[in-house]
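Chemist: Those protein sequences? They're chains A and B, same order as listed. Going letter by letter, the first sequence gives residues 1 to 401 in the working numbering. Going letter by letter, the second sequence gives residues 1 to 423 in the working numbering.
Don't take each hint at face value.
Listed next, the in silico DSS-like pairs over lysine-lysine satisfying Cα-Cα at most 25 Å (straight line) [said to hold, decoys possible]: (1) A:Lys-326 x B:Lys-244; (2) A:Lys-330 x B:Lys-278; (3) B:Lys-244 x A:Lys-26; (4) A:Lys-326 x B:Lys-294; (5) A:Lys-330 x B:Lys-280; (6) A:Lys-330 x B:Lys-274.
Sample of chain B residues facing chain A (criterion: CB under 7 Å; computed from the structure) [unchecked claim]: (7) Ala-301; (8) Thr-316; (9) Asp-319.
The calculated label-pair distances, taken between Cβ atoms and stated as ranges, are [stated by the list, open to error]: (10) B:Ser-122 x A:Asp-258: 46 to 56 Å; (11) A:Arg-37 x B:Asn-194: 55 to 65 Å; (12) A:Thr-133 x B:Ser-302: 39 to 49 Å; (13) B:Pro-390 x A:Glu-399: 56 to 66 Å; (14) B:Lys-280 x A:Asp-345: 20 to 30 Å; (15) B:Lys-280 x A:Glu-309: 32 to 42 Å; (16) B:Ser-302 x A:Leu-137: 41 to 51 Å; (17) B:Ala-184 x A:Trp-177: 56 to 66 Å; (18) B:Lys-399 x A:Lys-26: 22 to 32 Å; (19) A:Lys-26 x B:Phe-118: 47 to 57 Å; (20) A:Lys-26 x B:Pro-390: 22 to 32 Å; (21) A:Arg-37 x B:Lys-370: 19 to 29 Å; (22) B:Ser-302 x A:Tyr-62: 53 to 63 Å; (23) B:Pro-126 x A:Glu-309: 33 to 43 Å.
Everything labelled a hint here was simulated from the structure, so no lab data went into it. Glycine included, every Cβ here is placed at the ideal spot set by N, Cα and C.
This is what each chain is made of:
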Amino acid sequence: MLHIVFYFQVHQPYRLRQYRLTEIGKSGNYFDEELNRNIINKVSDKCYLPTNNLLLELIEKYEGAFKVSFSITGTLIEQLRQYRPDVLDTFRALAKSGGTEFLGETYYHSLASLFDENEFLEQVQLHSKLIETEFGLKPRTFRNTELIYSDKISDIISELPQFKMILTEGADKILKWRSPLYAYKSYTKRHLLLLKYYRLSDDIAFRFSDKGWVEYPLKVEKFIDWIEKLPLIEKTGKKLYLNLFMDYETFGEHQWSDTGIFEFVKNLPKHVLKHNFASFIWPSEVEDSINYEPEALSVKEPISWADTERDLSAWLSNSLQWNASKTFYKILSNIKASGRKDLLDTARKLSTSDLYYYMCTKYFQDGDVHKYFSPYSAPEDAYMYFMHALADLEKRLEEGI
Amino acid sequence: MLTWEFPPVLTGGLGMACYGMAKALLSAGIEIDLIIPTNEEVYFPLRKPEDADSMPIAFIDPSRGKKFGKRVKIQHLIEGAKYLDMAYFTTGEKTFKSIWEDEILKGIKGITSLDFLFDILSKDGPFFPEVRNYTAKAVNIAKHLDFDVIHAHDWLTSPAALLIKGLSGKPWIAHIHSTEFDRAGGAGDSRIHNLEYMGVQLADKLITVSSYTSNIIIEKYLADQNKIKVVHNAFFVETTGKPKQRIFKEPTVVFIGRITLQKGPDYFLDVAKKVLRKEKKVRFIMGGKGDMEKEIIHQAASMGLGTKFLFAGFLTRQDLESILSAADIFIMPSVSEPFGIAPLEAMSYGAVAIISKQSGVAEIIESAYKVDFWDIDKIVSIILDLVKNPKRLKEMSEKSIEEVAKIRWKEAAQKILDIYTNT
Numbered sequence: 001m002l003h004i005v006f007y008f009q010v011h012q013p014y015r016l017r018q019y020r021l022t023e024i025g026k027s028g029n030y031f032d033e034e035l036n037r038n039i040i041n042k043v044s045d046k047c048y049l050p051t052n053n054l055l056l057e058l059i060e061k062y063e064g065a066f067k068v069s070f071s072i073t074g075t076l077i078e079q080l081r082q083y084r085p086d087v088l089d090t091f092r093a094l095a096k097s098g099g100t101e102f103l104g105e106t107y108y109h110s111l112a113s114l115f116d117e118n119e120f121l122e123q124v125q126l127h128s129k130l131i132e133t134e135f136g137l138k139p140r141t142f143r144n145t146e147l148i149y150s151d152k153i154s155d156i157i158s159e160l161p162q163f164k165m166i167l168t169e170g171a172d173k174i175l176k177w178r179s180p181l182y183a184y185k186s187y188t189k190r191h192l193l194l195l196k197y198y199r200l201s202d203d204i205a206f207r208f209s210d211k212g213w214v215e216y217p218l219k220v221e222k223f224i225d226w227i228e229k230l231p232l233i234e235k236t237g238k239k240l241y242l243n244l245f246m247d248y249e250t251f252g253e254h255q256w257s258d259t260g261i262f263e264f265v266k267n268l269p270k271h272v273l274k275h276n277f278a279s280f281i282w283p284s285e286v287e288d289s290i291n292y293e294p295e296a297l298s299v300k301e302p303i304s305w306a307d308t309e310r311d312l313s314a315w316l317s318n319s320l321q322w323n324a325s326k327t328f329y330k331i332l333s334n335i336k337a338s339g340r341k342d343l344l345d346t347a348r349k350l351s352t353s354d355l356y357y358y359m360c361t362k363y364f365q366d367g368d369v370h371k372y373f374s375p376y377s378a379p380e381d382a383y384m385y386f387m388h389a390l391a392d393l394e395k396r397l398e399e400g401i
Numbered sequence: 001m002l003t004w005e006f007p008p009v010l011t012g013g014l015g016m017a018c019y020g021m022a023k024a025l026l027s028a029g030i031e032i033d034l035i036i037p038t039n040e041e042v043y044f045p046l047r048k049p050e051d052a053d054s055m056p057i058a059f060i061d062p063s064r065g066k067k068f069g070k071r072v073k074i075q076h077l078i079e080g081a082k083y084l085d086m087a088y089f090t091t092g093e094k095t096f097k098s099i100w101e102d103e104i105l106k107g108i109k110g111i112t113s114l115d116f117l118f119d120i121l122s123k124d125g126p127f128f129p130e131v132r133n134y135t136a137k138a139v140n141i142a143k144h145l146d147f148d149v150i151h152a153h154d155w156l157t158s159p160a161a162l163l164i165k166g167l168s169g170k171p172w173i174a175h176i177h178s179t180e181f182d183r184a185g186g187a188g189d190s191r192i193h194n195l196e197y198m199g200v201q202l203a204d205k206l207i208t209v210s211s212y213t214s215n216i217i218i219e220k221y222l223a224d225q226n227k228i229k230v231v232h233n234a235f236f237v238e239t240t241g242k243p244k245q246r247i248f249k250e251p252t253v254v255f256i257g258r259i260t261l262q263k264g265p266d267y268f269l270d271v272a273k274k275v276l277r278k279e280k281k282v283r284f285i286m287g288g289k290g291d292m293e294k295e296i297i298h299q300a301a302s303m304g305l306g307t308k309f310l311f312a313g314f315l316t317r318q319d320l321e322s323i324l325s326a327a328d329i330f331i332m333p334s335v336s337e338p339f340g341i342a343p344l345e346a347m348s349y350g351a352v353a354i355i356s357k358q359s360g361v362a363e364i365i366e367s368a369y370k371v372d373f374w375d376i377d378k379i380v381s382i383i384l385d386l387v388k389n390p391k392r393l394k395e396m397s398e399k400s401i402e403e404v405a406k407i408r409w410k411e412a413a414q415k416i417l418d419i420y421t422n423t
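Just chain A, same shape as in the assembly (with noise of 0.2 Å):
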């Protein structure tokens, strides 16, 4: 049996305006509303309406039969609750539809599990909390930032006993003969580990569109195709999980409408489901539906989803991120020890690990996926008005302004 998990990343970051070495001092307000405005308004039309939309649909046409998940960032739901509050009404209602597992990461879509334990528990803890609120579900699964996972965050996350499951990347250089379709083991045996397929989430979530590509167009007759030669198939009677992981911008504003993207979604569940051999599944049932025991894997430096590297490159592979950083979490702790709380919601929104990625110097030409996502033209420009921004609040704190 093959269990489909398909979970969908929602984030979206506060970007920085160009905040000028002038204002440090006087202004303090480091985010562009504007360009947050426009792009949660634009994401919103394209993706998170239309999307939200189908996936409702589909779950009461197939009754309980196509499940989904997602995690949502706290800065996408408090930018929603600013700037759209009709999209973060589709999304309680998908919550309500009983076709959904919402998970937790940090709130800030941060990087604080790799610079500080403490402040990477109280993002999650921040995180779970808001979920709950606003959905009224808890949850029970954890995926780190960017699918960032080593042994040291899954024995940081032991200490919140509520996730018994992570998600994280199926990178070559920890699975090596291995397939991702089986479900894994931390180191520890604490937590289970579902491992992402990335060829098959990827034909989705990049070369859907590619004209280049031998595969285009993808049609979901072909994909299934695909999942139904997968091998061990019903040959060893173990379980298999095939986590299709990936951003939920995906669908329509990475490929957009026309490339056909939601008719592949819409067409999905209805040909997977008319065959017996597979199903979809939330990753907080594997647990009970699991008919072996998981290998234990090891991973001792840090993996993640981003580039071809999959490792922590596109966002601390140069001296201008690991010196933003390095500064940021220094002086995170020093607001803290000082109980400066009006300072905290503001400082942790430079946390966020997009505005790391834009200073990240690999890969930055034309047409490039870093250069894409990131609103600056250069990344030491990126660099620039970040260390004025964190110059700004460190003048606030040590001048109780």
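Fit chain B to the supplied structure of chain A, relying on the hints for placement.
Modeler: Relative to chain A, chain B alone:
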């Protein structure tokens, strides 16, 4: 007067110097017809000091002027083009050779190196199309003007100056603000060297902005010492008496300039690193853009200096003033600086200046620290000493304000006036 920069067109060091000089000359009763790069055949008849700000415009072809209407401003003539448009040479069948022969050379007498000049100008490369365009326009404009002296700034206007001299028989004063030896930090562009050499040899008089620059043109371009007069730049003090507007409460050390080899930004970074190792409560700010910017930003970040070393990026005039007002110490570690106006302005804001000995401004300033640009340890010890002795910092700051207030364009303009009279 021929110049490549004049506010609001490119307000770099050259532009600000020409503005100050022009304003002071106008106050002394000189009338100036100013020719700068524009995309129309116009000049600026400056008759009184205020004209340097309002920039009245005169069209050579009045019907062209009518098209723009009475309210035309200089901004309209430079819009969209960083320098000037190429229309003059790209429309119709005209080549530079035909324009050179049919239009530019008409009426020019007594110049022997015209073929040499044509050869250099007709080459391609950065600036050369713009210089050809400026030269053709300036010569045509000059045919309509009545003047006594041609005062031309730097090599970009030398070809025009030489041709106008041939046209009018009037003396050419070449004003040298910098040479290719300063800018390039290496061998430099041979065509620019040739044009600078031509200017030094063929102009009737030479004005340099420092003895430092005189020595360079004597040594490198074999200039005739008797033709040279040194007129140091000055600037308009508008800032004295304004209270300092701090950005950081810690002592703040500032570098402002193009982030390029000539200006020594790498020395500034090394200084910051060494100072911060000994004293954490100091802030460093680097303002400006340039070809070494990325390299320096990455280096600074790799030193882990946190928010102690910040970059300001491109500066508007207002940003520049805000940062100078926040500065306690201003460093100009230039490898080679013909003059260097920035420290004077910083001093007028009460910043204590540490300046390279390899600069023209070092010749006229007493109350600044003068160092070799490479002597990082010396610069570090001066900064640490000032940071630890707020009283000394304050005394030096007051002395700086006082001294710089005396450096006026009026005196510089008087020297230029004497040169005009004796040419």
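Chemist: Which numbered hints are broken by the structure, listed smallest first?
Modeler: 1, 8, 13 and 21
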